[in-house]
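Trainee: Chain residues, written in single-letter form:
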Amino acid sequence: MSLDLATPGGITLALVPELLLTAWSLLVLLVVSWRHRTAEDSRLAGWLSFAGVVVSLAGLAALWVNHAAPEGLAQMVALDGFRYAASAIVLLAAGGTILLSLGYLERERLWAPEYYPLVLLATVGMLFLAGAEDLIVLFLGLEVMSVAVYVLAGYNRTSPFSSEAALKYFLIGAFASGFLLYGIALVYGATGTTNLVLAGAQLAGRSPPLMAALGLGLLLIGLGFKVSAVPFHMWAPDVYDGSPTPVTGFMATGVKIAAFAALVRVLMETFSGAIHVWQPIVAGLAIASMVVGNLVALAQRSLKRMLAYSSIAHAGYLLVAVWPGSPAGAGAVLLYLFAYGLTTLASFGFLAVLGRGGERDVTYDDIAGLAATRPLIAFGLAVCMLSLLGFPGTFGFIGKWYIISVVVAEGHAILPVILVLTSVVSAGYYLPVIMAMYMKPAPDAERYAGVRLWPAAAGVVALSVAAVLLFGFWPGPVLDLAGRSGLTLTQTALPLAGP
Amino acid sequence: MSQFLDSIAYGSWILHALVLLPLVGVVPVLLGPESSARRTALIVTTLEFLLSVGLWWALAPGQGGLQLVSDSPWIPGWGISYRVGMDGISLVMVLLTTLLMPLSVLASWHYITRRERGYYALMLTLLTGMVGVFIALDLFVFYVYFEVMLVPMYFIIGIWGGANRLYAAIKFFIYTMAGSLLMLVAIVVMVWKVQAATGTFSFGYEHLLGNARSIGAAAPWLFAAFAVAFAIKVPIFPFHTWLPDAHVEAPTAGSVLLAGVMLKIGTYGYLRFAVPFFPEVALSPEVSALMVTLAVVGIIYGALVALVQPDFKKLVAYSSVSHLGFAMLGIWGGSLQSVQGALMVMISHGFSTGALFLLIGMMYERRHTRMIADYGGIARVVPLFSLVLTVVALSSIGLPGLNGFVGEFLVLLGSFTSFPWATGIATTGVIFAAAYLLWALQRVIFNRLDNPENEGLSDLSRRELAVMLPLLLGIVWLGLYPAPVLRRMEPASQRYLELAQPPAPPTGRVSAAIPEGRP
Chain R
0 MSLDLATPGG ITLALVPELL LTAWSLLVLL VVSWRHRTAE DSRLAGWLSF
50 AGVVVSLAGL AALWVNHAAP EGLAQMVALD GFRYAASAIV LLAAGGTILL
100 SLGYLERERL WAPEYYPLVL LATVGMLFLA GAEDLIVLFL GLEVMSVAVY
150 VLAGYNRTSP FSSEAALKYF LIGAFASGFL LYGIALVYGA TGTTNLVLAG
200 AQLAGRSPPL MAALGLGLLL IGLGFKVSAV PFHMWAPDVY DGSPTPVTGF
250 MATGVKIAAF AALVRVLMET FSGAIHVWQP IVAGLAIASM VVGNLVALAQ
300 RSLKRMLAYS SIAHAGYLLV AVWPGSPAGA GAVLLYLFAY GLTTLASFGF
350 LAVLGRGGER DVTYDDIAGL AATRPLIAFG LAVCMLSLLG FPGTFGFIGK
400 WYIISVVVAE GHAILPVILV LTSVVSAGYY LPVIMAMYMK PAPDAERYAG
450 VRLWPAAAGV VALSVAAVLL FGFWPGPVLD LAGRSGLTLT QTALPLAGP
Chain S
0 MSQFLDSIAY GSWILHALVL LPLVGVVPVL LGPESSARRT ALIVTTLEFL
50 LSVGLWWALA PGQGGLQLVS DSPWIPGWGI SYRVGMDGIS LVMVLLTTLL
100 MPLSVLASWH YITRRERGYY ALMLTLLTGM VGVFIALDLF VFYVYFEVML
150 VPMYFIIGIW GGANRLYAAI KFFIYTMAGS LLMLVAIVVM VWKVQAATGT
200 FSFGYEHLLG NARSIGAAAP WLFAAFAVAF AIKVPIFPFH TWLPDAHVEA
250 PTAGSVLLAG VMLKIGTYGY LRFAVPFFPE VALSPEVSAL MVTLAVVGII
300 YGALVALVQP DFKKLVAYSS VSHLGFAMLG IWGGSLQSVQ GALMVMISHG
350 FSTGALFLLI GMMYERRHTR MIADYGGIAR VVPLFSLVLT VVALSSIGLP
400 GLNGFVGEFL VLLGSFTSFP WATGIATTGV IFAAAYLLWA LQRVIFNRLD
450 NPENEGLSDL SRRELAVMLP LLLGIVWLGL YPAPVLRRME PASQRYLELA
500 QPPAPPTGRV SAAIPEGRP
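For the record, the sequence lines run as chains R and S. So in numbering that gives the first Met the number 0, spot 75 of the first sequence is number 74, and the numbers just go up one at a time. So in numbering that gives the first Met the number 0, spot 411 of the second sequence is number 410, and the numbers just go up one at a time.
It is worth saying that the hints were derived from the structure and are not from the lab. Misleading hints may appear alongside valid ones.
[Unchecked claim] Derived Cβ-Cβ restraints for the label pairs, each shown as a range:
| id | chain 1 | residue 1 | chain 2 | residue 2 | range |
| --- | --- | --- | --- | --- | --- |
| 1 | R | T362 | S | R486 | 55 to 61 Å |
| 2 | R | V53 | S | G198 | 44 to 50 Å |
| 3 | R | S32 | S | P72 | 54 to 60 Å |
| 4 | R | F378 | S | Y110 | 21 to 27 Å |
| 5 | R | H411 | S | T292 | 55 to 61 Å |
| 6 | R | A184 | S | G209 | 54 to 60 Å |
[As the list claims (entries may be wrong)] Partial chain R-side listing against chain S, Cβ under 7 Å, derived:
| id | residue |
| --- | --- |
| 7 | D360 |
| 8 | L430 |
| 9 | P476 |
Glycine residues also receive a C-beta, built at the ideal position from the N, C-alpha and C atoms.
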């Protein structure tokens, strides 16, 4: 199916997932303005919002299955497999977040159902960010997403840490947006267009002018903040730590997925000619993120902070996959985002049921002996830790292997070697989680009597863990899909790679 | 026998059955009651052993190549298929594994008293991993088995181990993982290099082996990555420091399997992958000298450290470093005798050291101490136990007529021509072995019975005898008549030597040696 994006009908069809979700979130907002007093109302808003995600996912699937493609040049929004795949992962993360929040908000007595429309609006922003074919759309998507997530981070009004998180995230986020906007302005100045492909065509075949190179640098900084790559990561631990746990999970998955999709698209579609300019920068960011993220995570006692630093390390692994700038690399980014998203969401889901009052102080000792009384939760969390570690038999391993493979295909082995060595370091903080649950005695028999997964969350984590194991053993179809989706990015000046 | 096996198409399903059966067995172990877990595990592992015995006949003797090969697509888009098969080397390793497994389950009968279902489920998973490693003929599959094996062992050490188990478990895990992840990068690099030369993207073993010459300048790095991964597993000095911790802290069955099977995966890795892939690097004078030196250092160092251990289990753990040094020396010895000897060392180490760990476990179950000083003179109280311990210790020392002698003698004989000095020094390792084990034996079962707590010790029970008997039979059989085993392995060793041709000496020296064109 080919769509003419210049006509109102064409652009409407092309934006079906985003439009459906926007309309749905306004509808939910309308509903909650009447019903926002009881736990019942909160639950209603949650399920309604989840239905919205499903509807949007259906719209996306309709586009994807019909291979919707633009007639001529894609303007404003991309119509390719890369967008569909990234959007699907974002929507899955959003749906999972909503289901995880259902019981959590009730337990923490956060009875303000506006939470759910905010999640939906953030998701709309993410979808635009992941699918933007124009720098202005990209910026709008980023802002819609960020503003909603700022509010979500501070959702627990009674907790000073939550407010601190929101304020920090807002200030740093605004700062990052400034960089990004200035970068967009410079790119526009150098090429006379904000369309990614057109700008790429302008820059192809010559060494980039200084103005474009500066613009590239500023864009990298702006997106680097959003994916929390070192040295733009300073906000992440405090923000992840202070936010309500499902929101942390949403930030670690949804925000990162969308920002990485945008980063890959900008680097490959617009700056593929300037690959020698950004490759060293991306390599430097990747190495710094992997080393700092993993080493600092080792020193954490709180599980939530450990996961925050580990997500910085994973941003580093993802940057390694970005580095080749090849379609296979884009496929590896998608696959790793999927694997990482599933695992991280489930990990935060488990963390959410294990703690109280924001889980800031759940340490390794607080899950000691969990396996004896809650074997299923312990098993699930253990699988997640092994997947984050990249252990064979889990999806995380397939993701890391794919990254190593696409970088080695370019004839480089230094980044993969650093990747595996820092992964070994990460065993030093993932394994103690398993160790505490299985190998240490519980402080007292009644310790985990209150730990119970609410049904919706149980469904999410069970499905995620099952998928992590399934794709760990049978990754063929997702590998193919990711590889094919990576190939759909509009190439301006790049040789093909991959088997 | 072969006809019967052919009639049931044994060769076509056995390798899959050996991998799947333990995994299927995990289900009844986990779902059944706690009390019957050990019985189920025993039935499954015994069945596995009985099934595997047929391999002895199923494998055509006299053929060096890989047999019973089966290939089914796994991730076809990426050149990965589930490819398994075996030769004589894999055969003896698989049989050793399947034999030690039911014995380990029996040895855990009373030792493991809590969370039995989990324990036996992990033992069965471990069995799958260990068998899988020895039959994998696709490097991706090999890597997955190589790593997956770590998890059950990590839990077995970490949950059912001794006082310092957490430290030992994580050290074991991180050491092994560090090596194997570098190997993963090396595998991927190798696959891409071979792809660049041949146009085929495949992780298949034979494909990579056949085209390994096309790797070129990266070969030393790739060999280094493989070599370090396997060196940690063997372990070769100075990568051995995880071993005493893991062995000492692990429960008896864990130590038996660690020493009996998992260490051999390292030497097997050299024989199957590291040396045949990169013979120019591996057998170059510099690398040979390094590996042989490390092997000899391991032999002497392991023996000397064993000599001063007050803890019997730690003593045996260090003796493993010494024994595996002989295997490494044999692999680099470069003659048929030395390679056959290395394989014999691997097998008999599985028998003797496995038996020693089992006996130490029995001592520990009675007295809850492994300190040599706490015993003394127990031969009078437990004569049968002492007899068995003496036989096993003598076999570990390498007394002619018992199994340990055959391998070490072949290694020393076969390596002498290539490395006379190193072999000469290694020979002293045999003397040290006699020293540390006989001295330990003297302090444990002879001397005066001066500790009243030892007076009430009970002798071997029928279950314990059932555990030791197969091992004793093996020890004597391999010592007196090793020919059938050697014959099975010979074609595979021969093939290894053909693959592992040392690099041709520089042409200048050749022309100097051959006085050609001289008047």
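Trainee: Work down the list of hints and note, for each, if the structure agrees.
Mentor: A quick look at each hint next to the structure:
no. : hint                           : result
1   : R:T362 with S:R486: 55 to 61 Å : holds, 60 Å
2   : R:V53 with S:G198: 44 to 50 Å  : holds, 45 Å
3   : R:S32 with S:P72: 54 to 60 Å   : holds, 56 Å
4   : R:F378 with S:Y110: 21 to 27 Å : holds, 25 Å
5   : R:H411 with S:T292: 55 to 61 Å : violated, 33 Å
6   : R:A184 with S:G209: 54 to 60 Å : holds, 57 Å
7   : D360                           : violated, 23 Å
8   : L430                           : holds, 6 Å
9   : P476                           : violated, 9 Å
The structure fails to meet hints 5, 7 and 9 from the earlier list, while all remaining hints are met.
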